[in-house]
Structures are given as C-alpha cells and as structure tokens.
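Peer 1: Here is what each chain is made of, one letter per residue.
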Amino acid sequence: MPPSKRSREKLIQRREFLQKGALAGAAIVGSAAAAGAQVQSPAPTTPVMTAAAEAAEPGDVQVLGENQRCGSDYMVDVFKSLGFEYVCANPGSSFRGLHESIINYGGNKSPELITCCHEESSVAMAHAYYKAEGKPIAVMAHGTVGLQHASMALYNAWCDRVPVYMVIGNYNDAAIRRPAEWYHGVQDAAAMVRDFTKWDDTPWSLTHFAESAVRAYKLAVTPPMAPTVLVLDGILMEDGVPRDSRLPIPRLTIPAPPQGDSGSVEEVARLLVAAESPLLVADRLARTANGMKLLVELAETLQAGVIDQGSRMNFPSRHRLNQTQRAAAAVGEADVIVGLEVSDFWATVNTLRDQLHRSTRRIAKPTAKLITITTGDLYVRANYQDFRRLQDLDLAIAADGEATLPTLIDAVKRLATGDRTRVFQERGAKLAEASRAAAERSRVAASYAWDASPVSTARLSAEVWAQIRNEDWSLVSNYYTDANGGWPRRLWDFDKPYQWLGHAGGGGIGYGAPASVGGALANRRHGRLSVAIQTDGDFMYAPGVLWTAAHHRIPLLSVMNNNRAYHMELMHVQRMCNARNRGVDRGTIGSELTDPNIDYAKLAQSLGVYAEGPITNPADLGPALKRAIAVVKRGEPALVDVVTQVR
Amino acid sequence: MPIGFRGTAAVSIVIVAATLMASVVAQAGQAARAPQPGTDQGAPRDVPSGRLAYTQTGCDTCHGTDGSGTAAAPRIAASALQLQAFIAYVRKPTGTMPARSAEAISDRNLTDIYAYLHSPNLRSAQTATPPAGSVAAGAMLYKKNGCYECHVNEGQGGAQGPRLGPNPIPFVRFSAYVRNPAGDMPPYTAKVLSNEDLAAIYAFLEARPRPPAVNSIPLLAP
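Chains as they are written, first to last, in our numbering: chain A, 10 to 656; chain B, 9 to 230.
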C-alpha cells in the first residue's frame with residue numbers, strides 16, 4: 010500500500026531530523042576523540058559529556074508540542090472503547106510508545122498493565138481469563154522475539170477456540186531502525202502465527218489502526234472464536250498528530266453467533282424425542298454462563314444422559330443425568346448421539362488401540378444415529394491438524410451449539426407427547442441410578458492408598474475439596490486430568506460456570522501455571538477463591554508467573570501435584586521400550602525431575618509467595634491447606650508443595 | 009462386568025460348574041458350529057461354541073480373550089455368578105458395560121459363553137496357587153518395570169490403568185495378560201521380565217493394604 014500524502018510528508022520530516030541528528034552525533038564523536046588525544050589518558054569505556062559536545066548546535070526539539078498528541082494515546086482511546094480491563098506484557102522496546110501511553114495517558118487503568126516474565130505466560134493468562142470472565146484481555150509483545158515466545162500459547166488458545174487479542178510492535182521502516190530493532194524488525198510479523206490465528210493486520214495509519222483494532226476484537230469473539238493479531242508500527246505509535254485531528258473511534262458491534270437452520274434443528278429434535286437412549290455430548294459448548302443452563306434444560310426435558318468432555322463447564326458434575334464417569338458405556342448404549350461443539354467426535358464414538366500396530370474400533374452401536382452441531386464445520390485450516398478424523402454422520406449442523414440450543418429445546422418440548430414423557434421419566438430414573446453407582450465407584454476407588462506416602466492424587470483432591478467446599482471457589486487450572494476429568498471432577502460438586510476452566514486446548518505443556526494466574530485475575534473482582542492443582546513439569550516452564558501473582562496481589566492457592574517426572578511422556582517411552590523388547594528399566598532417563606528434587610516451596614518463596622512443603626505425609630496436608638487459604642483470603646497467592654503419586 | 013462378581017457364594021460355583029461339566033460331557037463329540045449372534049437357531053451349548061460366540065460378540069475386547077479381564081473390564085472367567093444372573097447382568101448391566109439385548113445376543117449364545125467361561129481350563133487357571141515371590145523384591149520390580157506409571161504406586165489404578173491390588177486376578181491370568189495384553193498396555197516378554205520377577209510383583213500386589221471402609225473416611229462423604 011503506498012503511503013498517503015500526509016505520511017510521505019512526515020517521512021520526509023523524519024529524514025530531515027535524522028540527517029540533523031546524525032550530523033550532531035558526528036560532532037560529538039569527533040569532539041570527544043579530539044579531547045581524548047589531548048589528555049593522553051586511556052580512552053574511557055563510557056562516553057562522557059564534554060564541553061565541546063555541550064557547545065554543539067542542538068538538534069530538533071525532542072518533545073511533542075502542546076498542540077500534538079502521540080499516535081499511541083489515540084490507540085489507548087480505542088482500546089478503552091473495547092473495554093479491556095488488563096493488558097499482559099513482558100516489556101519490549103518495539104511497543105514502548107504504547108506502553109508509555111497506557112501507564113501515563115491511560116492512567117494504567119482499563120487497561121491496567123500486568124507485568125509478565127514471559128510472553129507465553131502473558132497469552133496463557135489471557136486465555137484462561139477469557140474462560141473465567143467471558144471477555145478478552147489484550148497481550149502486548151515484540152513483533153519477533155516476543156511473538157516467538159508467545160506462539161505456543163497462541164496455538165493452545167487457537168486449538169481451544171478462545172479469543173486472545175494480541176498486539177505486537179514492529180518498526181516497519183528499515184531506514185530508521187536502531188541496531189537492536191533490526192533483530193526485532195520483520196517484514197510480515199504475523200506470518201509465523203497466521204496458521205493458528207483467525208486474522209491479523211498491519212495498519213498503515215491511525216484510522217486504519219482503529220478499524221483494524223475493532224475488527225480484530227469483533228472477529229476474535231465471534232464463534233468460532235480464536236486469537237487475532239495486530240501489528241503496530243513503532244513510528245505510528247510514537248509520532249505526533251495534531252491534537253485537534255478528528256480521529257474516529259469505530260463502534261464495536263459483536264455479531265450474533267450462527268444458529269442451526271430450523272429444518273435441521275427440527276429433525277434433530279424428532280430423532281431425540283423418538284430415541285430410546287439419546288445421549289448429549291458436550292465439549293466446547295458453554296461459551297457463556299447460559300450455556301450450562303440450556304444444556305441442563307435440554308437434558309431434563311428429554312431425561313437424556315450427558316457426557317461433559319470438559320473443555321468448558323458444560324454440565325453440573327453431580328447432576329443425576331451426568332454420565333461422564335461411565336462415558337464409554339453411555340456411548341455404547343445410545344441410539345442417538347448428539348455432539349455439541351465436540352472437538353473430536355470420531356474419538357467419542359470410536360477407540361484407537363495404541364500398540365505397535367494401531368487399530369481402531371467403533372464403540373457406538375452400528376445403528377446409532379450420529380449428529381453434530383458445531384462451528385467446527387465453519388472454520389478449518391490446512392496446516393495444523395486439529396480437525397481430527399472424519400466421522401460418518403447422519404446429520405451435521407454448521408452452527409454454534411449454545412446459540413442453537415434454545416430452538417432445539419423448543420422443538421423437543423413441542424414434539425414430546427405424553428407417552429414419550431412417561432418413557433423419558435423411566436429412562437431418567439435408570440440414568441440417575443447409573444450416575445449414582447458411578448459416583449460410588451469413584452469414592453471407593455479414592456479410598457485405595459488413602460494413607461500412602463507419597464500422597465495419592467485422590468487424597469490430594471479430597472483434602473482440597475474439604476477446605477473449599479463451603480467457599481465460592483473456582484478451579485482455575487488442573488493438569489491432572491483424564492477423559493473423565495480427573496479426581497476433582499469425580500469427587501467435587503461443580504455446579505457453577507466458573508468452577509471449571511477446561512484445558513490448554515493444544516496440549517502444550519506450560520499452560521497450567523499462567524492459566525491459573527489469569528483465571529485468578531478474573532476471579533479476583535468477584536471475590537472467588539481460586540484454586541489450582543499445579544503439576545510440577547508444567548510449572549517449571551515459566552515459574553516466574555507466580556511473581557506476577559505476588560506483584561499484582563492476585564489471590565490464588567496453588568497446590569503442587571509434584572510427582573517429579575513428566576509421567577505421561579515417561580509412559581510413552583516405556584511403551585517404545587516394550588514394543589522393542591528392551592525392557593523399561595532405563596525408561597526414566599530424560600523424563601524424571603529428580604537429582605536434585607526441586608523445592609517448589611523455596612522457589613515460590615523466592616518469588617514473594619507464601620509457601621509450605623514439600624509435604625509427603627497425607628495427614629499434614631489438611632492443616633497446610635488451611636494456613637495457605639488464610640493467606641489467599643488476605644488477597645495474596647500461596648503455594649503448598651505436595652509430593653504425590655504418579656497419577 | 010463388575011468386580012463384585014468375585015464375591016458370590018462358592019456353593020453356586022460348585023453347582024454351576026457341575027451342571028456345566030455335565031452339559032459339556034453330554035455334548036462331547038458334537039461338532040461345534042458357529043453360532044450366529046442375534047439368533048437362537050442351532051447353537052449347541054458347548055464350550056467351543058461358547059468360545060466362538062465370546063469373540064464374535066466382542067466380549068473379548070474388554071474382558072480379554074480368556075475372560076481374565078483387561079484394563080477396560082474385570083475378570084469374568086470362573087466367576088461365582090449363576091447362569092441366570094449372568095444373563096440378567098448382560099441384559100441390564102449396572103456398571104460401565106453396554107447392555108446387550110436378546111436381539112444382539114440370544115440367551116442360548118450366552119449360555120454357551122457361560123460354559124466357555126467356566127470350562128476346566130479357564131477354571132484351573134483362575135484357581136491355581138500363585139508361585140512364591142518376595143514382597144520386597146516385588147516392590148522394587150514394580151517400580152523398575154514401570155508398572156506404577158499406569159497402575160500407580162500402590163497398584164490402586166488410575167486414569168491410565170485399572171487397579172491391580174490388593175486382590176489381583178489369578179496369577180496364571182495375570183501372567184498371561186502381562187505377556188500378551190489385550191488393551192493399550194505394552195507387552196512384557198519373558199526376555200525383559202522373568203517369571204520369577206513377575207511372581208514377586210504379584211506378591212507385592214497381593215500384599216497391598218486393603219483400604220479403610222469408604223464410609224469411614226469423612227473426606228469421601230458424598
């Protein structure tokens with residue numbers, strides 16, 4: 010795009026200034042060299058101001074005039090109009106203009122700058138913040154090195170279909186770059202993440218910026234949601250514009266998400282009402298707090314079983330129709346299965362045996378009707394393979410699941426006759442009994458190794474639950490998980506949308522710790538008790554995020570699930586050892602975090618966080634948690650290091 | 009099928025076994041014909057037919073080729089459950105097992121399967137005395153061989169593997185499964201895990217403490 014007339018003029022002014030500045034600099038250097046020759050002493054390693062330099066002709070005035078404002082002040086106005094509460098950033102010179110505008114012009118409020126120690130932490134915090142609050146926050150980073158650090162976390166957010174508003178700095182004009190800016194300069198900054206972001210733009214003017222800033226927000230939060238990237242030119246941020254220039258602030262209008270067409274929804278309702286054993290499977294369904302209410306209403310109307318695959322808080326864990334803990338059996342029994350924003354529907358109705366020769370098997374009945382309602386059909390990219398295997402379906406609706414539920418519920422209510430309603434009630438009673446039996450099996454399973462040391466993960470979950478069950482709590486991160494949601498989902502009573510924030514999305518380790526801080530940041534204003542079950546391998550990716558929690562007084566209880574290894578990977582190495590008939594006794598090499606053992610309590614204390622541990626006796630855990638929660642209730646983070654069994 | 013199968017009265021085992029043995033003897037020499045799952049026509053109630061029906065209806069997928077159990081489902085070979093209770097459970101399971109209707113598998117097929125599961129070979133394997141093994145050595149070997157990775161430190165099981173102790177499945181079945189697992193578990197050949205070491209691991213699993221009654225643990229109150 011050619012520069013506008015105004016841009017060209019400004020460019021010429023800049024060049025004139027640079028020429029003058031270069032001459033002045035040459036004068037300083039020359040004078041200093043002459044002065045050094047006269048005194049005949051060793052050349053100083055640090056430049057010093059000299060009388061000759063002071064006498065040199067001054068350059069241009071280096072302060073914006075009263076009748077000017079900088080471009081980044083206007084950018085802050087636009088960001089404020091979008092309602093950002095926070096912007097997470099590790100500081101970087103390529104966005105120094107915007108940084109300064111946020112803290113001074115913007116008053117460091119809405120958005121408030123959150124100091125992060127790694128860009129991956131910044132993005133993961135924003136990722137979890139959105140899932141807790143339903144509202145994005147911004148992330149700032151260098152256009153090259155910062156975005157490279159951030160890229161894995163962006164990939165997680167993209168796989169999880171969560172909006173992250175990414176702002177990166179870059180000096181586009183090569184003629185005016187400082188030396189370091191050459192390393193931080195790039196022709197197409199967003200290219201490296203374009204495969205796993207929804208949209209990006211590099212504005213050439215402030216008007217262009219404003220439209221792109223609003224467009225980036227709008228696209229990010231419209232289902233299917235995903236991160237977006239704005240590449241901001243350093244000079245666009247730093248240069249002045251006349252204070253009275255009428256720069257517009259575009260109006261943000263968020264589009265309504267797409268609903269399923271009425272004919273298809275009616276067909277789904279007809280199949281569900283006629284089914285003997287319908288099953289609802291939800292994964293990324295509940296975008297808002299209303300999502301869970303709608304799924305409960307649909308399930309109760311049909312008295313249908315529900316499997317919550319856990320990418321969002323879709324269904325109360327102890328609801329009598331919740332069949333998550335007996336998911337395989339429920340799928341095997343079903344004659345109609347409706348996947349609601351399910352990221353991997355193939356794996357819902359099939360299994361894959363991970364042996365030397367992999368094999369697959371369908372676990373759903375051959376005659377079962379399979380239906381999906383998902384925005385996944387509206388958005389797919391070629392390179393990264395998150396679209397999973399293609400499942401044969403009877404009906405697929407390309408629409409947002411939550412937005413489609415009200416119409417589906419209405420249709421089901423309309424079609425459900427008295428006879429069918431009686432069938433529904435009988436079915437509901439059986440499902441309630443199956444759900445109760447599954448919960449009972451979980452309690453019994455948790456009792457094994459109850460008093461063992463290291464502490465069993467079931468005991469850890471039960472001890473945490475005992476301390477928080479009467480609080481307004483939120484489990485902001487939990488890496489110890491499985492298809493059934495891990496011990497917390499088996500033992501705790503989840504019934505509020507913010508009590509479970511799902512997973513990393515892309516399986517990128519290192520999400521848990523920053524996500525817990527981001528979730529806790531969102532929960533802080535609501536006075537919720539944020540709890541994380543924090544695995545050790547994940548924590549060690551970027552532990553500095555606990556300093557961020559301490560610095561910004563973000564209350565968070567982190568309970569270490571410290572099993573001293575990357576056990577999932579260790580298991581895979583073991584699988585290879587056995588497949589090659591070599592024995593597994595060396596399988597721990599490269600996966601264990603021992604020799605020396607890491608002292609997470611001391612690490613947390615060094616970052617300004619209250620911490621206890623390592624705890625190996627399960628009897629010591631309850632009192633330690635109580636003390637840590639007292640600290641969290643004072644508004645600060647706390648950590649309890651628990652040495653646990655492997656799973 | 010639930011682990012609770014193991015706890016039913018021994019008397020019924022004898023009665024069922026005697027009945028089944030008589031049935032097997034009476035039908036000896038009768039040619040085994042492949043039963044057609046979902047039909048009740050012409051399927052002889054004998055062990056070979058039961059074995060065939062067992063695999064054709066997919067029981068082996070979860071319960072293993074000989075009913076000794078896998079990561080996905082418990083042992084059902086030589087269970088103490090009586091025939092009618094066995095059929096009733098298949099029709100209306102209370103655990104994670106999918107229900108099988110009479111259209112999917114007939115009562116006669118189930119009777120054959122029951123006969124197979126209680127055949128002498130499978131019964132002796134379930135009741136054989138395990139070889140002696142050192143609990144202490146077993147604890148070391150359980151860790152060294154990575155069993156704890158999926159079955160967790162005390163054999164209590166977890167997301168990746170089922171509970172193994174304190175009452176493991178019969179040693180013969182345990183050994184057979186370790187050598188040739190049906191599920192995702194990696195196989196352990198005798199080259200990498202000797203029979204003696206396996207016996208020690210078995211002894212370790214047998215020696216795991218029984219948990220306290222779940223209702224005696226306040227933290228696990230519903």
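Each hint should be verified, as a subset may be incorrect.
Derived lysine to any residue pairs resembling SDA-like cross-links, with alpha carbons at most 25 Å apart [as the list claims (entries may be wrong)]: (1) A:K439 <-> B:I95; (2) A:K378 <-> B:R99; (3) B:K199 <-> A:G599; (4) A:K378 <-> B:T73; (5) A:K439 <-> B:D115; (6) A:K144 <-> A:N117; (7) A:K439 <-> B:K100; (8) A:K378 <-> B:K100; (9) B:K199 <-> A:G592; (10) B:K152 <-> A:L602; (11) B:K152 <-> A:P233; (12) B:K100 <-> A:E285; (13) A:K144 <-> A:P233; (14) A:K378 <-> B:K151; (15) A:K374 <-> B:A107; (16) A:K374 <-> B:T73; (17) B:K152 <-> A:E306; (18) B:K151 <-> A:A337; (19) B:K199 <-> A:E578; (20) B:K100 <-> A:V432; (21) A:K378 <-> B:A112; (22) A:K374 <-> A:K302; (23) B:K151 <-> A:V652; (24) A:K439 <-> A:V652; (25) B:K199 <-> A:D363; (26) A:K378 <-> B:K199; (27) B:K151 <-> A:N590; (28) A:K374 <-> B:D68; (29) A:K144 <-> A:R562; (30) B:K152 <-> A:L365; (31) B:K100 <-> A:A337; (32) A:K439 <-> B:K152.
Here chain B is said to cover these stretches of chain A; the calculated rule only asks that three of the stretch's residues, wherever they fall, bring their Cβ under 8 Å from a Cβ of chain B [claimed, not checked]: (33) 162 to 171; (34) 471 to 485.
If you're looking for bench data, these hints aren't it; they were derived computationally from the structure. All C-beta atoms in this analysis are idealised placements derived from N, C-alpha and C, irrespective of residue type, glycine included.
Peer 1: Decide, hint by hint, whether the structure agrees.
Peer 2: Hints and how they fare:
Pair hint K439 (chain A) plus I95 (chain B) holds up; C-alpha atoms about 19 Å apart against a cutoff of 25 Å. Distance hint between K378 (chain A) and R99 (chain B) is fulfilled; the C-alpha atoms sit about 22 Å from each other, no more than 25 Å. The hinted pair formed by K199 (chain B) and G599 (chain A) meets the criterion: a straight-line CA distance of about 24 Å does not exceed 25 Å. Restraint check for K378 (chain A) and T73 (chain B): not satisfied, since their Cα atoms lie roughly 30 Å apart, outside the 25 Å limit.
Between K439 (chain A) and D115 (chain B) the alpha-carbon distance is near 23 Å, which keeps this suggested pair within the 25 Å criterion. For the hint linking K144 (chain A) to N117 (chain A), the alpha-carbon distance of about 19 Å falls within 25 Å, and the restraint holds. For the given pair, K439 (chain A) sits about 10 Å from K100 (chain B) by alpha-carbon distance, which is consistent with the 25 Å threshold. Only pairs whose Cα atoms come within 25 Å are accepted, and K378 (chain A) paired with K100 (chain B) is accepted, the gap being roughly 22 Å.
Distance check on the hinted pair: K199 (chain B) and G592 (chain A) sit about 8 Å apart at the alpha-carbon level, within 25 Å; holds. Among the hinted pairs, K152 (chain B) with L602 (chain A) is consistent with the structure: their alpha-carbon atoms are about 16 Å apart, no more than 25 Å. This hinted pair does not check out: K152 (chain B) and P233 (chain A) have alpha carbons roughly 47 Å apart, beyond 25 Å. For the suggested pair K100 (chain B) and E285 (chain A), the alpha carbons sit about 14 Å apart, so the restraint of at most 25 Å is met.
Using a Cα cut-off of 25 Å, the hinted pair K144 (chain A) and P233 (chain A) holds, with the two alpha carbons roughly 15 Å apart. Restraint check: the Cα-Cα separation between K378 (chain A) and K151 (chain B) comes to about 45 Å, which exceeds 25 Å; the hinted pair is violated. Proximity of K374 (chain A) to A107 (chain B) is assessed by CA-CA distance (about 11 Å); at most 25 Å being required, the pair is judged to hold. This hinted pair checks out: K374 (chain A) and T73 (chain B) have alpha carbons roughly 21 Å apart, not beyond 25 Å.
Annotation: proposed proximity of K152 (chain B) to E306 (chain A) is violated, straight-line Cα distance about 51 Å (limit 25 Å). Between K151 (chain B) and A337 (chain A) the CA atoms are separated by roughly 30 Å; this puts the pair beyond 25 Å, and the hint is violated. For the given pair, K199 (chain B) sits about 24 Å from E578 (chain A) by alpha-carbon distance, which is consistent with the 25 Å threshold. With a C-alpha separation of about 17 Å, the suggested pairing of K100 (chain B) with V432 (chain A) holds against the 25 Å cut-off.
For the hint pairing K378 (chain A) with A112 (chain B), the CA-to-CA distance comes to about 17 Å; that is within 25 Å, so the pair holds. Between K374 (chain A) and K302 (chain A) the alpha-carbon distance is near 29 Å, which puts this suggested pair outside the 25 Å criterion. A threshold of 25 Å between alpha carbons decides the hint, and for K151 (chain B) with V652 (chain A) the separation of about 17 Å falls inside it, so the pair holds. Our distance criterion of 25 Å between C-alpha atoms is broken by K439 (chain A) and V652 (chain A), whose separation comes to about 40 Å.
Between K199 (chain B) and D363 (chain A) the alpha-carbon distance is near 22 Å, which keeps this suggested pair within the 25 Å criterion. As the CA atoms of K378 (chain A) and K199 (chain B) are separated by approximately 47 Å, the hinted pair breaks the 25 Å bound. Between K151 (chain B) and N590 (chain A) the alpha-carbon distance is near 18 Å, which keeps this suggested pair within the 25 Å criterion. A C-alpha spacing of about 17 Å is found between K374 (chain A) and D68 (chain B), which places the hinted pair at or below 25 Å, so the restraint holds.
Straight-line distance between C-alpha atoms of K144 (chain A) and R562 (chain A) comes to about 21 Å, which keeps the hinted pair within the 25 Å bound. Restraint check: the Cα-Cα separation between K152 (chain B) and L365 (chain A) comes to about 22 Å, which is no more than 25 Å; the hinted pair holds. Proposed proximity of K100 (chain B) and A337 (chain A) is supported: the alpha carbons are some 15 Å apart, at most 25 Å. Taking the CA atoms of K439 (chain A) and K152 (chain B), the gap is near 44 Å; set against the 25 Å cutoff, the hint is violated.
For a cut-off of 8 Å, the count of residues in the segment 162 to 171 of chain A with a CB near a CB of chain B stands at 0, and the three-residue condition is violated. A count of 4 residues in the segment 471 to 485 of chain A with a Cβ less than 8 Å from any Cβ of chain B is obtained; the coverage claim is therefore met, three being the minimum.
Checked against the numbered hints above, the structure breaks hints 4, 11, 14, 17, 18, 22, 24, 26, 32 and 33 and satisfies the rest.
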